[in-house]
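Q: Top to bottom, those sequences are chains S and B.
Read in order, the letters of the first sequence correspond to residues 1 to 190 in my numbering.
Read in order, the letters of the second sequence correspond to residues 191 to 726 in my numbering.
Since the hints were derived computationally from the structure, they do not count as laboratory data.
Using N, Cα and C, we set each Cβ at its ideal position, and we do this for glycine too.
It cannot be assumed that every hint is accurate.
[Claimed, not checked] Once the Cα atoms are required to be at most 30 angstroms apart in a straight line, the calculated DSSO-like pairs of lysine-lysine come out as:
id: 1; chain 1: S; residue 1: Lys158; chain 2: B; residue 2: Lys517
id: 2; chain 1: S; residue 1: Lys170; chain 2: B; residue 2: Lys717
id: 3; chain 1: B; residue 1: Lys681; chain 2: B; residue 2: Lys232
id: 4; chain 1: S; residue 1: Lys2; chain 2: B; residue 2: Lys193
id: 5; chain 1: S; residue 1: Lys180; chain 2: B; residue 2: Lys725
id: 6; chain 1: B; residue 1: Lys517; chain 2: S; residue 2: Lys89
[To be verified] Here are the in silico distance ranges between beta carbons for each label pair:
id: 7; chain 1: B; residue 1: Leu233; chain 2: S; residue 2: Asn161; range: 36 to 44 angstroms
id: 8; chain 1: S; residue 1: Lys2; chain 2: B; residue 2: Phe313; range: 36 to 44 angstroms
id: 9; chain 1: B; residue 1: Asp307; chain 2: S; residue 2: Glu90; range: 34 to 42 angstroms
id: 10; chain 1: S; residue 1: Asn161; chain 2: B; residue 2: Ala661; range: 32 to 40 angstroms
id: 11; chain 1: B; residue 1: Glu532; chain 2: S; residue 2: Lys89; range: 16 to 24 angstroms
id: 12; chain 1: S; residue 1: Asp108; chain 2: B; residue 2: Pro443; range: 57 to 65 angstroms
id: 13; chain 1: B; residue 1: Gly521; chain 2: S; residue 2: Asp172; range: 51 to 59 angstroms
id: 14; chain 1: B; residue 1: Asp485; chain 2: S; residue 2: Met1; range: 37 to 45 angstroms
What follows is the residue order along each chain.
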Amino acid sequence: MKTDIILCGVGGQGILSIATVIGEAAMHENLYIKQAEVHGMSQRGGDVQSNLRISSNPISSDLIALGSADVIISMEPMEALRYLPFLNKEGWIITSSKPFVNIPNYPDVDKVMADLNKVKNVIILDIEQLAQDNGIARSANVILLGAAQKALGIEYEKLENAIRRVFGRKGDAVVDANLKALAIGKEAQR
Amino acid sequence: MRKLLLGDEAIAQGALDAGLSGVYAYPGTPSTEITEYIQNSKLAAERNVHRRWCCNEKTAMEAALGMSFMGKRALVCMKHVGLNVCADPFVNSGMTGVNGGLVVLVADDPSMHSSQDEQDSRFYGKFAMIPTLEPSTQQEAYDMMEKAYELSEQVCLPVLMRVTTRMAHSRAVVEVKETPRAENELNYDAKASHWVLLPGNAIKRNITVTGQQAELEQRAVESEYNKYIDASDHSLGVIASGIAYNYLMECYPDGCPYPVLKISQYPMPKELIGRMTAECDAVLIAEEGQPFIEDLVRGVMPGNAVIKGRLTGELPRTGELSPDALKRALGVEVREGYDSCEDVAPRPPALCQGCGHRDVYTALNEVLKDYPNARVFGDIGCYTLGFMPPFKAIHSCVDMGASITMAKGASDAGQWPAVAIIGDSTFTHSGMTGLLDAINENANITVIISDNLTTGMTGGQDSAGTGKFEAICRGLGLPEEHLRVVVPLPKNMPEITQMLREEIEYRGTSVIIPRRECMQTLQRHLKQKKAQEAKK
Ligand SMILES: Cc1ncc(C[n+]2csc(CCOP(=O)(O)OP(=O)(O)O)c2C)c(N)n1
Ligand code: SF4
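Next up, chain B with everything else stripped away, as it sits in the complex:
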């Protein structure tokens, strides 16, 4: 069967067809569509595959590991920075190993289309000593999922699959299986002590896993996804990984004149690289993300070959690659189009018209006119756009949850007023624990949980804490009189500004919850309601 699928969708379909029993994920561009595809899949519904969103990447990773412990196949999906959040269970899942196949799918975002950094997840794969896959095409992404589960179960380790934005968000025709594989039966290894990472057990596991590395590398050398394509001109060889392979091939419609080594499975297949450095005068290394292969090749076996890449300037040091970046590196002529036009202004994204965050910032700015030294610690979500004009309202944005904890640290240092602004989904992702720290010391901070009843930035997914925020704050020990709720609308400006003033003046931890639904999900809900009524 042929389907026109996004890379993300091909991955999801591949996992379902490989007998997936559960996907565990927190939304994050460019990985979100994988879980959404499974949520909309008929097969997943029939099989009751686990597909609800998790609170954050750490809870997702651990739940998936639990499913694997019981012998079933599980998938964890996240954007690259999510891997930082779940680094502890991720790295230690390399120590415990797995029972049912476990694939950790991480979508990197070079050029930072919608991210804080362009970290490269392949480093994490090496760090955790587990096999890593990096598809070049949507078809390969689909096919690899089944192979990844088989590999995971054969070597009893989780498998990291790394994609980048252009793979995740690009569509192509994919040939998919007619009949999906059955799910694994429930089973666990009653004798296995390696799941208990006490030093005594972990030391043994460490010896096993490090001992497995040679085999993992040999598998990479023999992998159908790592291809050495010889050619006559040995003045240069090109190593291209993942999506960079496509850009390379785009430069040479009639075939590359130089030997090409396509790498899509790690650990690094040193034998294949050794052949290239031995046979070619120079080697160009094209990889999407950071110079992961390049660094290792330079460090381990430079041989006599000259190594070129991102570290020597042939390719840009940062940002995404493109067909033109490869053309320049290879001395292939870049085609001339029209000159770029002066009458084009940048059009940055902005908060939607009518968005409740707008009213929150309007009120906050109004109040803070009287506190010129106030610092506002922002967080991650649509409301980060409050940095831009006309609001220019926040002074920091680092990682999910950092608003509350940074405000607390600033307050500890003597700052007042210290205001934190955080979204509802971000609060349940990583804000709750920080708020407990603040409440335990009655830190002098004002926390605004701007609740729009959804995870807005990533397209309006369910938010884990909806309906529970007051209870959560009370449960953490916040005094009732400093827990305030308001509807952010222009007509309520006097109420919101007064509330803000009072809580800033209060020398202790307070929480204000402005609550109004996101305009995008509101419109979607109205449409759905209309459609339902039309059906009746």
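Chain S extracted, bound-state conformation:
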């Protein structure tokens, strides 16, 4: 298997914790992993992205080529659109629906939604609302991970186990909240 994933959002939205869970699951399966992260300047409310590649064969490039990403997981709708040239035509966008408006020229939200809906495979979720309704406000980003499960090509149980290993140190309550978030996301898949 080989999956090229772009994780994106706005600095401070916690995209790297999703990457950590995917990385943990992949590592446990003895898959090859490359993950290019963004550190430094771009974290102060700027756009951030990470290229995560997992494969059963050795991976050469740390960066994903144009038209090659299988999944874009985004914490913010406009940010998902930023990486469209990297998405292959059969690829998936899994994104939060909630705009993060910290710039004066944020585009018209209806247009952003329309652009997203033009993509063949897209899941748009109000993860913050879903998380709040289910009393797991701090695990909203893991809902996206659950919704991306099929597109990622990683078995559901393996993601569950990775969550147990990654969050285990923080106690059962945190693990349970994240498992619940994963399940909510899974339900949202078509």
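For chain S, the structure is supplied; the task is to place chain B with the ligands on it using the hints.
A: Using the frame of chain S, we list chain B with the ligands on its own:
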């Protein structure tokens, strides 16, 4: 043991496993995580490996050289521009040579993700006449650290290891050793005169080191990291160094049809390059950074081969390489994705909400409304973002410390008001000496040291001068009445603006210190406190 490590972390682990006794560094993206990893390492704590941040790259380089003098293995880490700051000890460490292994790790930032320029540190390696390594993978970065220390001790020279952003900040699974090597014993060479670079000694050393160059090149020819991979189609050959090798291989999942020379150790292995230029009709040179190899190949041995690369436009002249840049250069089809979308606006970074620098700029802008000709000399840190709207408050930003000295030069030229704004960490990095120049001439400048108690831009590392700024300014001879301290908060606006006005009107050197903790470290400290209380 397998670990998922950032390139920076692999380097740190590699150094620890090679028997490191001290890391000396000043933070700088993308090198910061190396020192941070060592600061958090259990092994480093057990061994009491030196791991505190230094004031700047020059003090770091010199302290590491001192540790090497005593026979122990030391590591210096910095971003590329840091090498300019420590160029003097760096180049001269090539003259003194080393005793314990010394690795100088420099992280370049092509495309300037968070830097002022995209200078290529390999030029410095050649300049100082020392071996230079450039890993392609995280595993190679880890393995190379031990090899680098061995090489350094064998040839008695420091070794430069050069990485770029994508190596430093990309994660991969790395196989690491179970048992780290022991540290070196303390020892020094009692007879060695080469550490005293008086002309008489230095002339001898210069002959030795220049004489070593042929051996260093031969080592590069034989290096396990420099590989010549032959292939049947000789219409082209590709030289790829460091991370560019990965992008090349990405173009050909089933293997490159052309001969490939992977270069990860310098001086340039001319013999291997000569083979390629002799056997191939054309040679494409793919390297991250400036056309370092390309320039030398073109200049030294063009042979009959046509040489292509960044200088001839096959690859972009500036900026990072990518798999697609290589595909275009090689005529491999670039895959078509979705069209880029019009409804995407740039989202530049900004000062955090609640940041004290915001209040400083608000006050400064308010006061400078009355001085339309004022010039504000900025410096390097989060507060450089004061250039952006809504503040648009600074007129220069060059290198660490330049705010004070440029303001002084401007004032010497007749400018008034000349205001310098500098962060606390930048002030102790390179601002103090400039302030002494200003005070000695009582230059007509107003210096704002915006003290947020941390090195904010690079993620909140300890700042060397915390708690000492008033004492430093007094010690440099600043009169007490022109040393002013204030808390930058909206409610204190009248106080700050009045202070600024008074000190701008004063015809001499004054320092204003607005002091309030960075919001990011404040939140971190509150969290830590909460966690501690929960434990009790
Ligand atoms: C020579 C050099 N070393 C390191 C850096 C990386 N760097 C940029 S800003 C900065 C920290 C500045 O801290 P401070 O002056 O306290 O300002 P703050 O970011 O906290 O506002 C560092 C280390 C650099 N640009 N140049
Ligand atoms: S990190 Fe700290 S210093 Fe930098 S902008 Fe944020 S609050 Fe200000």
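Q: Of the hints given before, which are not true for this structure?
A: Those not satisfied are hints 1, 3, 7, 10 and 12.
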